[in-house]
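Q: Sequence:
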Amino acid sequence: MNTKFSPMEPVSWPAPFNDPGFVHQLKWDGIRIIAEVRGDEVVLRTRRGGVRTETYPELRVLSRILKGEAAVLDGEAVVLDEEGCPSFGRILRRDQTRRVTAALRRDLPVQYVVFDVLLLDGESLLDRPFTERQEILAGILPEEAPVAICRSLPDGVELFKATGRLGLEGIVSKELAGRYHPGRKHPTWRKVKHFRRLEAVVGGVVLKRGRANALLLGLYSGRNLVYIGRAATGLSERDLTVLTGMARTHAAGRSPFKNTPAAGRGLEVAWLETPLTARVRFIGWTDQGRLRNPVLEGFNDQAAGDCVFP
Numbered sequence: 001m002n003t004k005f006s007p008m009e010p011v012s013w014p015a016p017f018n019d020p021g022f023v024h025q026l027k028w029d030g031i032r033i034i035a036e037v038r039g040d041e042v043v044l045r046t047r048r049g050g051v052r053t054e055t056y057p058e059l060r061v062l063s064r065i066l067k068g069e070a071a072v073l074d075g076e077a078v079v080l081d082e083e084g085c086p087s088f089g090r091i092l093r094r095d096q097t098r099r100v101t102a103a104l105r106r107d108l109p110v111q112y113v114v115f116d117v118l119l120l121d122g123e124s125l126l127d128r129p130f131t132e133r134q135e136i137l138a139g140i141l142p143e144e145a146p147v148a149i150c151r152s153l154p155d156g157v158e159l160f161k162a163t164g165r166l167g168l169e170g171i172v173s174k175e176l177a178g179r180y181h182p183g184r185k186h187p188t189w190r191k192v193k194h195f196r197r198l199e200a201v202v203g204g205v206v207l208k209r210g211r212a213n214a215l216l217l218g219l220y221s222g223r224n225l226v227y228i229g230r231a232a233t234g235l236s237e238r239d240l241t242v243l244t245g246m247a248r249t250h251a252a253g254r255s256p257f258k259n260t261p262a263a264g265r266g267l268e269v270a271w272l273e274t275p276l277t278a279r280v281r282f283i284g285w286t287d288q289g290r291l292r293n294p295v296l297e298g299f300n301d302q303a304a305g306d307c308v309f310p
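Residue numbers for the sequence shown follow full-length UniProt numbering, so the first one is 1 and each next one is one higher.
Be aware that one or more of the hints could be misleading.
Cβ-Cβ distance ranges computed for the label pairs, FRET-style [what the hints assert, rightly or not]:
hint, residue 1, residue 2, range
1, His186, Gln96, 26 to 34 Å
2, Ala232, His186, 50 to 58 Å
3, Arg105, Thr260, 31 to 39 Å
DSSO-like cross-link-like pairs, simulated, lysine-lysine; straight-line CA separation at most 27 Å [stated by the list, open to error]:
hint, residue 1, residue 2
4, Lys258, Lys191
5, Lys4, Lys191
6, Lys208, Lys258
7, Lys161, Lys193
8, Lys161, Lys191
9, Lys185, Lys161
10, Lys185, Lys4
The hints are simulated quantities; they were obtained by calculation from the structure and are not laboratory data. Using N, Cα and C, we set each Cβ at its ideal position, and we do this for glycine too.
All chains, full assembly: derive it from the sequences and hints.
A: In structure tokens form, the structure reads like this:
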């Protein structure tokens, strides 16, 4: 079996909305998985085509649940925390583990939340409207652990508020009449995320071939500057030019971080003699205490010592 569908992606949307032509779903904080099922054979692929069939062996149950139907499903592999909320850190640990033991499956049980069906018994459903694909999905996939169908709700504004209260990533709004556009971002699907912000210390500049490429960020815990991640998104060409100059003329001899990060293959790091401070937008924290998807929103004159953990 080798269909290799590339999943459709939502476009970013500025705010939640209500529209009779749309329904709204939780944005699951997991690993996107295209499941190809034919008879007893199940192949699980990531967004980029990586095979994860051995990584999530519990999802082989799809062949039994589908009762011989040949189908290609689109969904998200998730691991829930103690509160029943998806945990990106936990699913990442599962995804990065190649030797799946019984203990790992017990401690980090994977669920597959299905939100679309793309192919059924050799027939493409890509041009069918979303509502019809959902009806077909409900007809072929009885919910049975560890597989569930993603629930759709009519009120996007209230769902977004609820996800904010629970500390979840956000929502995806889907057009009822929309077709499936594989491998593309399309406004038929619209994602609205919750963002957090903080002021961080810029303790170092990552250099690639002698030019600034990213910033190394930290927050103070007492007297110690703790590394919390690197950020490149949001830096303008002017920012990169200025930072390159600073890396050459204001470099320190040692790292300011308690937990010094590695530069990375083919990269160098210039530690800053006088750390900068910057405002950073992000969507959450990993289990390792790193920022997820950090974006630089600008530099400021806040004292470095005031940049502390929230």
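Q: Give a verdict on every hint.
A: Quick rundown of the hints versus the structure:
no.	hint	verdict
1	His186 - Gln96: 26 to 34 Å	holds, 30 Å
2	Ala232 - His186: 50 to 58 Å	violated, 26 Å
3	Arg105 - Thr260: 31 to 39 Å	holds, 35 Å
4	Lys258 - Lys191	violated, 37 Å
5	Lys4 - Lys191	holds, 24 Å
6	Lys208 - Lys258	holds, 24 Å
7	Lys161 - Lys193	holds, 11 Å
8	Lys161 - Lys191	holds, 14 Å
9	Lys185 - Lys161	holds, 25 Å
10	Lys185 - Lys4	holds, 17 Å
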